[in-house]
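> Sequences are here, hints too, so could you generate the full structure?
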Amino acid sequence: MDSLTAAFRSGQKPSFPAEAGTLEYAQSLDQQDKLGHLRKEFNIPTRTSLKKKALNGVSPGENDSEDEKSIYFVGNSLGAQPKAVRRALESQLETWASIGVNGHFSTLENSPLSSWQDLAESCAKKSVDLVGAAVPEEIIYMNTLTANLHLMMASFYKPTAERHKVIIEWKPFPSDWYAIQSQIRHHNLSPSTSLIEIQPTPDLYLTTESILATITEHAPSTALVLLPGIQYYTGQLLDIKTITAHAHSLGIPCVGWDLAHAAGNVPLCLHDWNVDFAVWCTYKYINAGPGSTAGLFLHQKHHSRNLDRLEGWYGADKSVRFLMEKEFKPGKGASGWQLSNPSAIDLASVSAALGVFESVGERYMERLRGKAVVLTGYLECLLEGLIRGGVGRKGEEQAFRIITPGNPLERGTQLSLMLREGILESVSKVLAEEGVVCDARKPDVIRVAPVPMYCRFEDVWKFVEIFKGALARA
Amino acid sequence: MTSAPVLPAGAAGSGNARERARQLDRDDELGFLRDEFNIPTKGQIVSTSLPEGSSANNNDSDTTTKCIYLCGNSLGLQPRRTQTRLSQYLSTWATQGVQGHFKPLTNSPLPTWLDVDERAAEMIAPIVGARVSEVAIMQTLTANLHLLMSAFYKPDANKRHKIILESKAFPSDHFAVETQLRHHGLDASKSMVLLKSERSRDNILTTEEICGVIDLHKEDAFLLLLPGIQYYTGQLFDIETITAYAKERGIFVIWDLAHAVGNVELRLHEWGVDAAAWCSYKYLNGGPGCIGGMFVHENNSAVTKLITDERPEEGYNHRLAGWWGNDKKSRFGMENRFHPVKGAAGFQLSNPSVLDITSLCASLEVFEQAGGMGKLREKSLRLTKFLEEQLEGMGEEEKGLFRVITPLDPKQRGAQLSLGLGSGLLEGVMKELERQGVIVDERRPDVIRVAPAPLYNGFEDVVGFVEAFGEALRVARRERDAF
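First to last, the protein sequences are chains A and B.
So for the first sequence, the UniProt record's numbering puts the first residue at 1; every next one is plus one.
So for the second sequence, the UniProt record's numbering puts the first residue at 1; every next one is plus one.
Hints are not guaranteed to be accurate.
Quick list of in silico lysine-lysine cross-link-like pairs, DSS-like style, CA-CA up to 30 Å [to be verified]:
#, chain 1, residue 1, chain 2, residue 2
1, B, Lys103, A, Lys462
2, B, Lys190, B, Lys218
3, B, Lys103, A, Lys40
4, B, Lys329, A, Lys429
5, A, Lys83, A, Lys52
6, B, Lys411, B, Lys196
7, A, Lys326, B, Lys328
8, A, Lys442, B, Lys218
9, B, Lys328, A, Lys171
10, A, Lys462, A, Lys429
11, A, Lys34, A, Lys52
12, A, Lys462, A, Lys83
13, A, Lys468, B, Lys103
14, B, Lys162, A, Lys53
15, A, Lys329, B, Lys411
16, B, Lys190, B, Lys162
17, A, Lys329, B, Lys190
18, B, Lys411, B, Lys385
19, A, Lys442, B, Lys375
20, A, Lys34, A, Lys13
21, A, Lys468, A, Lys394
22, A, Lys318, B, Lys196
23, A, Lys468, A, Lys51
24, B, Lys375, B, Lys411
25, A, Lys171, B, Lys329
So these bits of chain B aren't anywhere near chain A, every CB distance computed over 12 Å [unchecked claim]:
#, residue
26, Asp356
27, Gln436
28, Val475
Everything labelled a hint here was simulated from the structure, so no lab data went into it.
The beta carbon of each residue, even a glycine, is placed where N, CA and C say it ideally should be.
Here you go:
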């Protein structure tokens, strides 16, 4: 497996052995998996539990057989629940119940959590490797992704008559689209003249060349480049380093990244890549629960710039926060952008979920990535086998194609499969019946994300078998 | 409970007072609600570690005696059912994964995740006196103030541009206003009007004073931002009169209801309030930092065009947008055009934290059990009056060491009384109160804020507090004078 990891990570597409299509081969990869133990840190929904119509007090537990567990390939939408979350919430509830308001300042000895006022910072410390920050002060957890995006644009998007454009890609996540359009209108500008969309190839692929060319073309009038680290629909991982450097080299003052699908999925070096700001949610690859508190990265180079910001009392430095003075003395770095006090209950969940990353060890994202590239590469290999075998083919038209780039350096965990027109519904139905959970985007795309923290090679093999059956029936 | 006024005051700290308090507690129709809450014990509040296992065998009275928690104006206590609801939330996530968004479970009291915000709106609407479509549970208080100002504060430096707020506003409101002005390139010294009382050293503002300032700036004021209840003094403003007065003069009116929501009766719709924001961790007991709330009057949130119309963005008030503000039907359609749902929900940004909303709604269930704000306020008025009387009945010596800052008129206050202490006493008083298992809130240099919350505090809590406070004042003065 180490050699597979090395090959994928150098951008090659290694060939799997002839027996790759057997269950035994998948199981042999699981046996070599140094991160396999992490799976037991999660509550994976079971085939039975997914069919529940009512709560019955029984949650997936230690005793579920592996056969009973679902194939949960939807960590790109909502991550599975780390067992540590329940422990953390119980601790937080006990703290609140026991010491009430004193929980703001008191850290109880055997609690896994810090005092409420230090909780966001403690999550930041755990995330240094997650996003590749130089110091924890580049990170803060607060609000939701779109709220953080607005706050960053309030600081960085200061359009002038000469420099007013925002460059985005053709299909940003709608919330980004709405946020950017509304920011443009907020400054009495029109999206028709101030919003530039980078177009993909007919295969929905964004070439780095076309991205750089669009940036070059509009550089003198561009105020902000805002792109997704991983495009949610195709799963394409963009070359954050090159694109950021290019935009900066042409004098564009700010390059921001939406890392909803990249954080916790691929290694990031935001500080070294000189990214100005980034925002991410924590309910996908970070597994903190639906709608949980979002993250923000603000590069160190901006920390002493006294940037304009929309202020709130929790952004004030901890030493003066409770003094109720009218002069705003911002906290260090990203924490100075906080508004109100964050939810201690929500952050308990975030803290517990980040704890699972920490438990992987130093440079945890590199370790997770080492497994992820093989897991996704193996999925691709088996899916290509289906295509070669003509499974579900209708005349000349194959049943599906993979729209995620084949280059392992240009994708994360997820593969997006574009199905032949009209079969999405029937395929989804079979997958659900067989205990596969993945994400469908109408009209024709399913997105499949084997997450290295809790998915196995055997899951990949089983998924492909089930998918094959579903295509044959469609 | 009878509607008779509180009995005449007995001497504070006397057995008589405690007896009377117990009788009032026995007669209290809402007294049963106290059992719905986890009330810290005296032992717990001084503990520095999470208890391991059961402490039931420990006979030390501190482990069983409840503390006197009069701090619901800072952080409300935890409803017992919060733990049950959070556990159900965790089970839903664990067993359903992503299906929890849209798949209902028959015997679960929790809505599907896609609907949590709507359920929360239904539950909060009667508490603030709004239509369901006028409220949204989202973000945090200051974020919501920024979002409201981003949507509605459209200054013109040559016409209307000023924002009127109080000179001692909660700092976050002050910061929010100041930075909004800066965002529009305006100068705070010219565009920020700070309300300061001419008469009251505590800045207790009369309605006439406020209206007078509104008149002074009626030509160029754009926005009035006031707290429903002032956090420091505990003063409750006449929201209805002030709102009407400002609006007649063309001024947009936003209220910060952090200290008013769940504390006093509100009729935001009827009063014609333009917009409001609040947090939910004080009197609403949602938990520390729990998700905030927003009210937008239906007059300000109409959507008059269809997305298929020409220039649909002209059919609604501009706002900073996000996908959760879109009409639910089109939210997952992944369209590139924002078209908000009408009402406050159209101001939402991202999907809200289900965990946070679950915690809030657990507490709002208790408000439903109480029979709503009318009943709670009725008890609250009696409880705070009782506190006032007990303070009044203290010995002359102790009474000389503090004064009540909060207005004595019950219509001008909520649950809280703010007590201004003699100089140099605060630290000693707080230390002694804590030693005696009393939790109240301090604001340096000289103020303690005492808030009996009608959901979980009783009249005996008040007597216990006043006894401890008298002792604390004597101890603190001795310590101070020894220096």
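> Indicate, hint by hint, whether the structure satisfies it.
Each hint tested on the structure:
About 25 Å separates the Cα atoms of B/Lys103 and A/Lys462, which keeps this hinted pair within 30 Å; it holds. Of the pairs offered as hints, the one joining B/Lys190 and B/Lys218 holds, with about 15 Å between alpha carbons and a cut-off of 30 Å not exceeded. A distance of roughly 26 Å separates the Cα atoms of B/Lys103 and A/Lys40; the hinted pair therefore holds under the 30 Å criterion. For the hint linking B/Lys329 to A/Lys429, the alpha-carbon distance of about 22 Å falls within 30 Å, and the restraint holds.
The straight-line distance between the Cα atoms of A/Lys83 and A/Lys52 is roughly 20 Å, inside the 30 Å bound, and the hint therefore holds. A threshold of 30 Å between alpha carbons decides the hint, and for B/Lys411 with B/Lys196 the separation of about 21 Å falls inside it, so the pair holds. Between A/Lys326 and B/Lys328 the alpha-carbon distance is near 40 Å, which puts this suggested pair outside the 30 Å criterion. At most 30 Å may separate the alpha-carbon atoms for a hinted pair to count; A/Lys442 and B/Lys218 exceed this at roughly 53 Å.
Using a Cα cut-off of 30 Å, the hinted pair B/Lys328 and A/Lys171 holds, with the two alpha carbons roughly 20 Å apart. Between A/Lys462 and A/Lys429 the alpha-carbon distance is near 16 Å, which keeps this suggested pair within the 30 Å criterion. Straight-line distance between C-alpha atoms of A/Lys34 and A/Lys52 comes to about 33 Å, which puts the hinted pair past the 30 Å bound. For the hint linking A/Lys462 to A/Lys83, the alpha-carbon distance of about 25 Å falls within 30 Å, and the restraint holds.
As the CA atoms of A/Lys468 and B/Lys103 are separated by approximately 27 Å, the hinted pair is consistent with the 30 Å bound. Straight-line distance between C-alpha atoms of B/Lys162 and A/Lys53 comes to about 56 Å, which puts the hinted pair past the 30 Å bound. Simply put, A/Lys329 and B/Lys411 have alpha-carbon atoms about 37 Å apart, too far for the 30 Å limit, and the pair is violated. With a CA separation close to 8 Å, the supplied pair B/Lys190 and B/Lys162 stays within the 30 Å bound.
Taking the CA atoms of A/Lys329 and B/Lys190, the gap is about 22 Å. The hint holds against a cut of 30 Å. Annotation: proposed proximity of B/Lys411 to B/Lys385 holds, straight-line Cα distance about 11 Å (limit 30 Å). Distance hint between A/Lys442 and B/Lys375 is unfulfilled; the C-alpha atoms sit about 50 Å from each other, more than 30 Å. For a cut-off of 30 Å, the pair hint linking A/Lys34 to A/Lys13 stands: about 22 Å separates their Cα positions.
About 14 Å separates the Cα atoms of A/Lys468 and A/Lys394, which keeps this hinted pair within 30 Å; it holds. At roughly 28 Å between alpha-carbon atoms, A/Lys318 and B/Lys196 fall within 30 Å of each other, so this suggested pair holds. The hinted pair formed by A/Lys468 and A/Lys51 meets the criterion: a straight-line CA distance of about 22 Å does not exceed 30 Å. For the suggested pair B/Lys375 and B/Lys411, the alpha carbons sit about 16 Å apart, so the restraint of at most 30 Å is met.
Annotation: proposed proximity of A/Lys171 to B/Lys329 holds, straight-line Cα distance about 20 Å (limit 30 Å). Here B/Asp356 does not stay apart from chain A, with its beta-carbon only about 5 Å from theirs, under the 12 Å limit. Every CB of chain A is more than 12 Å from the CB of B/Gln436 (nearest about 15 Å), matching its label as outside the interface. Look at B/Val475: its CB is around 21 Å from the nearest CB on chain A, clear of 12 Å, so calling it non-interface holds up.
Of the numbered hints given earlier, the model fails hints 7, 8, 11, 14, 15, 19 and 26; all others are met.
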